[in-house]
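Engineer: Residues in the sequence shown are numbered from 819 upward in steps of one, following this note's numbering.
Worth flagging that the hints you see were computed from the coordinates, not collected in a lab.
Treat the numbers as computed from the prediction; the structure is a model and nothing was measured.
Accuracy of the hints is not assured; some may be wrong.
[Stated by the list, open to error] Using 25 Å as the maximum straight-line C-alpha spacing, the simulated SDA-like pairs for lysine to any residue come out as follows: (1) Lys-892 with Lys-925; (2) Lys-892 with His-842; (3) Lys-869 with Arg-833; (4) Lys-925 with Asn-828; (5) Lys-843 with Gln-823.
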Amino acid sequence: MAASQKAIDNANRLRYIRALERFHKGMISYLMNTPELTSKGLNKKIENSVKLLKRIDEVDLYKGELKDLQTLVKKMISYKDSEEDVENIKEELLHSSNQLDKDKNAKRYKKDKHSNSMFDEWD
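Given the sequences, and given the hints that come with them, work out the whole structure.
Structural biologist: Below is the structure:
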């Protein structure tokens with residue numbers, strides 16, 4: 819019985835992560851591709867995205883980049899009905915998203931430090 823519960827928990831966790839990623843991707847796409855960005859339009863986009871996110875139970879995330887993604891999504895939601903200038907919001911969110919992507923990529927690609935020195939012993 820415990821194994822199936824673990825599978826269910828894992829599926830719920832994945833579903834939540836995908837929902838966060840979908841929310842994030844949708845918001846960034848909206849911010850980058852909307853020619854006339856308005857706070858009303860932004861609020862509507864956030865509202866609709868939150869509806870989809872609310873359908874899925876929130877799950878505790880422990881991995882660094884997933885935690886950062888969750889924090890970024892919450893930050894995006896917090897800008898709903900904000901008095902701040904839409905361009906400032908856009909700049910702030912795109913910057914945060916870019917930092918998240920940089921952190922993810924930094925973990926993925928590791929440059930060999932002193933790559934030539936590995937061949938020194940062959941001489």
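Engineer: Go through the numbered hints given earlier and state which of them the structure violates, listing their numbers in rising order.
Structural biologist: Structure breaks hint 5 only.
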